[in-house]
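Here is how the chains run, residue by residue.
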Amino acid sequence: MEQFARVIRKDGQTIRYLIVDDSVFARKNLSRMVESFGGQVAGEAGDGRAAIAEYDRLQPDLVLMDITMPEMEGIEAAERIVRQHPEARIIMVSSVGYQENIVAALQRGARHFVQKPVKADVLYEVIKYVMGEDCVVAKGATQGS
Amino acid sequence: MKMELIQPFINAADAVLAQNLNCPTQLGHFVMEEHAYHSKGVAAVVTVVGDIEGRIIFDVEPATATRMASVMTGTERQESEELVRETICELANQVIGNAITTLNDQGFHFKVHPPQVHQGEGTKGNEDTEALVMCFDTDSGKVYMNIAMHYKRRRRGEQL
Chain Z
1 MEQFARVIRK
11 DGQTIRYLIV
21 DDSVFARKNL
31 SRMVESFGGQ
41 VAGEAGDGRA
51 AIAEYDRLQP
61 DLVLMDITMP
71 EMEGIEAAER
81 IVRQHPEARI
91 IMVSSVGYQE
101 NIVAALQRGA
111 RHFVQKPVKA
121 DVLYEVIKYV
131 MGEDCVVAKG
141 ATQGS
Chain L
146 MKMELIQPFI
156 NAADAVLAQN
166 LNCPTQLGHF
176 VMEEHAYHSK
186 GVAAVVTVVG
196 DIEGRIIFDV
206 EPATATRMAS
216 VMTGTERQES
226 EELVRETICE
236 LANQVIGNAI
246 TTLNDQGFHF
256 KVHPPQVHQG
266 EGTKGNEDTE
276 ALVMCFDTDS
286 GKVYMNIAMH
296 YKRRRRGEQL
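Residue numbers (our numbering), protein chains in the order written: chain Z, 1 to 145; chain L, 146 to 305.
Please note: incorrect hints may appear among the correct ones.
[As the list claims (entries may be wrong)] Only pairs whose alpha carbons sit at most 27 Å apart, straight line, appear in this in silico DSS-like list of lysine-lysine:
1) Z:Lys119 <-> L:Lys287
2) L:Lys287 <-> Z:Lys28
3) Z:Lys119 <-> L:Lys256
Derived by calculation from the structure, the hints in this document are not laboratory data.
Generate the whole structure from the sequences, applying the supplied hints.
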C-alpha cells in the first residue's frame, strides 16, 4: 500500500474513525486505508441504525458511511447523526454516485462523497479537506502494510 | 438489448476489476444466450427495477474469488464460503453501483436490489429475455458477467 504522511488532530491526537458498511470486506479495506493515514478505527457498524448507536457511544472524529445498507440506509443515518451532533463529520462512501444521491447526502448533513472503488489518495485528500483546520499533517510517512 | 444499456456495465466492470485487482483486464468472449444461465461457481444476482428492468449475474469460481480477496486485502487469504461470498458481493456492488451511476446521470431511473448469492447451481434467467454473457480475463482468473435487461420506460422526454 502507498505510504502517506500521518494526518492527526491539531491537538496531536490520532484521528478516530467510525466505519459503516454492510460489507465486512469493505470495512476491512477502509480500515486498512485509514490506518495507513495514521488514523485509528474506533468502531465499525454494519447498518445505519447501528451507526447511530456507535456514534453516540464513541463520538469519533470522522465517519465513513456507505449508502445502501439494510435496516437503515446511510443517508438517513447521516441525517439523524447530524441532527443530534451538528459537529459530526460524515463522508459518504458508495459505489452509487449519481448526482441526485450525492446532493441528497450533502443536503442531509454529509460533508463529502467518495465513490467506490475507493482510491487511497482520493480518500486521503477528502479526509484532510473535511477535517480542515482541525487536522495537521505530521512529518514522516506511516508504515505501509 | 440496446448497447447503451450494456456499455456502462462493461466500462464499470473493466474499471472496478482493474482498480481492485491492480492489473489490466481483457474482455474475452462476448455472446448472446437465450437459455438459462449456469453458474461457473459462485454467482451474485442483482435485480434492477424501474425505467430499465432485468438482472445482472456476476459469477466467478471460488478459487478465483479467493485470489481476488488476497489481492484486494493485501494478504494471503484461505478459501472459505464467507470470504468467497463477501468478495463476489463487494465486486458486484461496485460494478453495478458504478454502472447505474452512469445510467442515472443519463436520465434512467431505477432501483437495484441487494445481491442474492447462488452457489454451485444453474441460475435461471428470464426465459423471454436474451442475455449477454461476457468474460473478463484478470490476473486472478476469469470473471463472468451475464446481463439481461430491457426498457420498461424510455427516459423522460423520449417516446417509446
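Each hint, compared with the structure:
For the given pair, Lys119 of chain Z sits about 23 Å from Lys287 of chain L by alpha-carbon distance, which is consistent with the 27 Å threshold. A distance of roughly 24 Å separates the Cα atoms of Lys287 of chain L and Lys28 of chain Z; the hinted pair therefore holds under the 27 Å criterion. With a C-alpha separation of about 26 Å, the suggested pairing of Lys119 of chain Z with Lys256 of chain L holds against the 27 Å cut-off.
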